[in-house]
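Q: Sequence:
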Amino acid sequence: MMAQHAQAQPFVTAAGTAANPTAAGAGPAAAAAAANVDAQAGGPQAQATSQPVVPLQTNQPYYSIDVECVATGNEHNARAVAQISLIDQMERVILNLYVKPVLPVVSYLTPLTGLSKEMLEQHGMPLETALAYLRQYLPRNAVLVGQNIRADVQWLGLQENADFASMVDLAGLFRVWNPQYNSFSVFGQDHLAKTLLGIDRGTSNHDAVTDAVISMRLFNLFLRVQQDQNALADVQRRALSVAPDSSFAKRNPTFEGVCMGNRRTCTCGAPFFY
1 MMAQHAQAQP
11 FVTAAGTAAN
21 PTAAGAGPAA
31 AAAAANVDAQ
41 AGGPQAQATS
51 QPVVPLQTNQ
61 PYYSIDVECV
71 ATGNEHNARA
81 VAQISLIDQM
91 ERVILNLYVK
101 PVLPVVSYLT
111 PLTGLSKEML
121 EQHGMPLETA
131 LAYLRQYLPR
141 NAVLVGQNIR
151 ADVQWLGLQE
161 NADFASMVDL
171 AGLFRVWNPQ
181 YNSFSVFGQD
191 HLAKTLLGID
201 RGTSNHDAVT
211 DAVISMRLFN
221 LFLRVQQDQN
231 ALADVQRRAL
241 SVAPDSSFAK
251 RNPTFEGVCM
261 GNRRTCTCGA
271 PFFY
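Residue numbers for the sequence shown follow the UniProt record's numbering, beginning at 1 and rising by one.
Some clues are possibly wrong.
[To be verified] Pairwise CB distance ranges (calculated):
id	residue 1	residue 2	range
1	Gln-227	Asn-74	41 to 49 Å
2	Gln-122	Asp-228	44 to 52 Å
3	Gln-136	Gly-172	23 to 31 Å
4	Asn-230	Pro-253	38 to 46 Å
5	Arg-224	Pro-139	19 to 27 Å
6	Asn-59	Arg-135	17 to 25 Å
7	Glu-160	Ala-243	33 to 41 Å
8	Ser-247	Val-106	14 to 22 Å
9	Gly-188	Asp-228	19 to 27 Å
10	Val-102	Pro-271	19 to 27 Å
11	Val-242	Asn-182	14 to 22 Å
Just so you know, the hints here were simulated from the structure itself, not pulled from any lab data.
We put the beta carbon where it would ideally sit given N, CA and C, even for glycine.
Given these sequences and hints, build the entire structure.
A: Dropping the structure here:
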């Protein structure tokens, strides 16, 4: 889904309007059906692991935050926040903010971010302004949901128990015990969206709004199956039975002269912080 733009207003989709990623099977029915998927024949068998139950507190709203960054240098750590999205549990777009980086942009990393020079020049705002909007609309008792959500929180400088209550990382929720390697397999968002929601993003550009909506859809799916061991095992088998596609960083160790931070093919020598 192409994000709508806002120049001076924090709302790009009116509050109360649900976002709809434009992909086959992306509707709510696809997510509901994923709770009862059958294991594909011939694939490795997943075991229903003792996943932590996520208590759905009625007084704690769940939100998904996603951040897209552009490259401000050739090293894989040279990044600057360029888009921030905030989605509620009903998949409504609360905020979609574009940020104009202070440092010159070396690459907009468009295949990963969906961002362009024109987009940020026309709709971008200072990071301080975007963060003020975010803190205004993010409830202090919110539970943040996302794929590797801690990285997004760190990019934004948010503080747990101050700006929000806690975090739920989808990478941990959907990990699957893989008997082939005698260890847990952890999947990226694109793989989970493809195997569990029927959303095949292929080589389409990423976008903070779409990523946040998919994160929330996956989280809601987990809530539906978390206490049903058979349904949870089916979800785990579906994730494990399909080989993940190679990540963008693996396919492109560098993009437009920028190191993409693949540990095995890193060309810049910059440290890895996680």
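Q: Hints first: check each against the structure and report whether it holds.
A: Results for each hint:
1. Gln-227 - Asn-74: 41 to 49 Å: 48 Å, holds
2. Gln-122 - Asp-228: 44 to 52 Å: Once the Cβ atoms are compared, 47 Å apart, the range 44 to 52 Å for Asp-228 and Gln-122 holds.
3. Gln-136 - Gly-172: 23 to 31 Å: The hinted range 23 to 31 Å holds for Gln-136 and Gly-172, with Cβ atoms some 29 Å apart.
4. Asn-230 - Pro-253: 38 to 46 Å: 42 Å, holds
5. Arg-224 - Pro-139: 19 to 27 Å: 23 Å, holds
6. Asn-59 - Arg-135: 17 to 25 Å: Holds: the Cβ-Cβ distance is about 20 Å, inside 17 to 25 Å.
7. Glu-160 - Ala-243: 33 to 41 Å: 35 Å, holds
8. Ser-247 - Val-106: 14 to 22 Å: 21 Å, holds
9. Gly-188 - Asp-228: 19 to 27 Å: Holds: the Cβ-Cβ distance is about 25 Å, inside 19 to 27 Å.
10. Val-102 - Pro-271: 19 to 27 Å: Given range 19 to 27 Å: holds, Cβ gap about 23 Å.
11. Val-242 - Asn-182: 14 to 22 Å: 20 Å, holds
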